[in-house]
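Chains as they are written, first to last, in the working numbering: chain V, 92 to 446; chain F, 1460 to 1774.
It should be emphasised that the hints constitute simulated quantities derived from the structure, not laboratory data. Not one of these hints is a red herring.
To give an idea of the interface, some chain V residues facing chain F are shown, with a C-beta separation under 8 Å as derived from the structure:
1. 291
2. 295
3. 386
Per the computed footprint, the stretches of chain F lying under chain V, defined by three or more beta-carbons under 8 Å from a beta-carbon of chain V, are:
4. 1476-1486
5. 1734-1742
In this text, a Cβ means the ideal position worked out from N, Cα and C, and glycines have one as well.
Okay, here's what each chain looks like letter by letter:
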Amino acid sequence: MESAAEHYSGRVLGFRVTPINLRRWENFRRNRRGYWSLWIFTVLFVLTLGAELIANDRPVLVRYDGGFYMPVFKTYPETVFGGEFELEADYRDPYIQELIEERGWILWPPIPYSYDTIDYELEVPAPAPPSARHWLGTDDQARDVLARVVYGFRISILFGLILTALSSVVGIAAGAVQGYFGGTLDLMMQRFIEIWEGLPVLYLLIIMAAVITPGFYSLLALMLLFSWTGLVAVVRAEFLRARNFEYIRAARALGVGDRTIMFRHILPNAMVATLTFMPFILSGSVTTLTSLDFLGFGLPVGSPSLGEMLNQGKNNLQAPWLGITSFVVIGLMLSLLVFIGEGVRDAFDPRKLFK
Amino acid sequence: MLRYLIRRIGAFLPTLLAASFLIFVFIRLIPGDPAAVMLGDQATPEAIEALRVEMGLEESLAVQYLRWLSDVVRGDLGDSIFFQVPVLELIVDGLETSVLLALMTMVWIVGFGLPVGMVAAARRGSWLDQSLSGMSMFLASVPTFWVGLYLILIFAAILGWLPSSGYPSIFGEGGLANLRYLLLPSIALAAPNAALIIRLTRASMLDVYREDYVRTARAKGIHPLRVIVRHVFRNALLTVVSAFGFTLAALISEAVVTETVFSLPGVGRMVVQSILRRDYPVIQGTILMIVLLYLAINLAVDILYAWLDPRVKLR
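Whole structure, please, built from the sequences with the hints as guidance.
If you want it as structure tokens, here you go:
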């Protein structure tokens, strides 16, 4: 017989969790749409994390002359395979392929193109329609659409995740300080945030992006400038409420430092409200990134970007596979995130928790 | 009510002032010399220098700001470098498209979002409710241009029923029939926002539905339809009205993308093009107008809110 404590604490995916979190997890699982979205999203995300192994213009594994080579992770000069030059081997070159296959074999990834591989041997002018060679066709620069989708999904999600994490940190810190100390500081920061949020964000992002032609990290910083305010109100309200609770007053009377009270005693209470907001911040970040990419003010030219593909779809209406692919991928990605967010929100909702 | 109004309007002006300062600083942060841009590649350094003095670019930032502000207050937003006409004229030109687009979008949102949300709440749990909420969740999660491209693909490229881009003025040739150019853009812009309103209307109707006074009303034997319209809907409207504020404000920002997708000659697209042309006075003036509009909408919503809900002004 298991003890009551074991029965109620339980484990989720191998982690020990408290009864309330167990209940939340079970509530989340009961929401089929959110639960399945989480699984599909996780699988897609993990798969695309290894994008180099799925879509690449270098083989995953090469067997040559009794040795194994992994060109995905390491660059080898042509001479290793009996070629003439000290340059990096071009595995798409039929000559190199012949050399290797004389004394071994090549294992290609399922999609033998990277996001920036230009297929010079297309039989039709680019954009080429879907075929056995390019499962989803190519874009107008003869790059494989499927490979770009795989890399584009990864970069969008990673960008969104990093931005969400950073804006949560800044937003929670600002909200905590405001709510905990209150008074003039709170008032001034409230007014500032009001004005800051009143600025037309997309326009300012475009202005700044047009000026500095951003890379991945500078774009991240630019968007962080405006995205941190999202969480402040929730966290601030939570801190304002909690700061007069008796256990907080007791802690203060005992001489516990402000920082300890804020982060050890109040923050865990504010986390519920925060967590329920996060998936929506994530999907919002991805949407903004896609919009900027679409307008041509986003990630650097050549990046595997879904927004850029959507723009190509708009400019090449005669090549519907471009538009349709980007529609489906962006639609799928964002709906999965929103479904997960809905599930999380419902799972954490105290009114639904104890029904 | 009067005191609330005074306090609320009193907060409006400092906010606008602070926002105008932020915008001014933002635009000044852009590297590149407006004087050099104005004179083009052939200009001599002396000519650029002379123009800088003439434009007041040599003065301190504070002096420049105050000068700009005093011009703005008198209705002078400066001249466009590219077009050589007053910025205000350009904005007025673009305003026709943008305002009509926003109006048509709001018509869709109110005319479609509110009733659908009410129906979903009244028939909660049914397959109709389920499919409506599924659909609205999907629409709320995708960007406006996504819907826009989809509409272009179906109605313009494949069916050929509606034009895919551009908008000739309704005051010119074609008259009111030109509004058909705005049909697809406004639907695209409305879709995600209407979806939000549907979800919000449904949720707040259901919240109010659980209140004691609604049960009392029903117990008194009032006709169910009357309960829904008089008792539930009016109170549920409170949340929805404040959401209209966000929505209108969001429309201003989202319109930039929609106008670009459909190549509409609106204010949003003008800003984007001015950014590419480094036409500083236009960017500065237009963004200021957008912020003014945004704050005015928020003010209007707050006042409307206080008028609808007596509890607000008592606070």
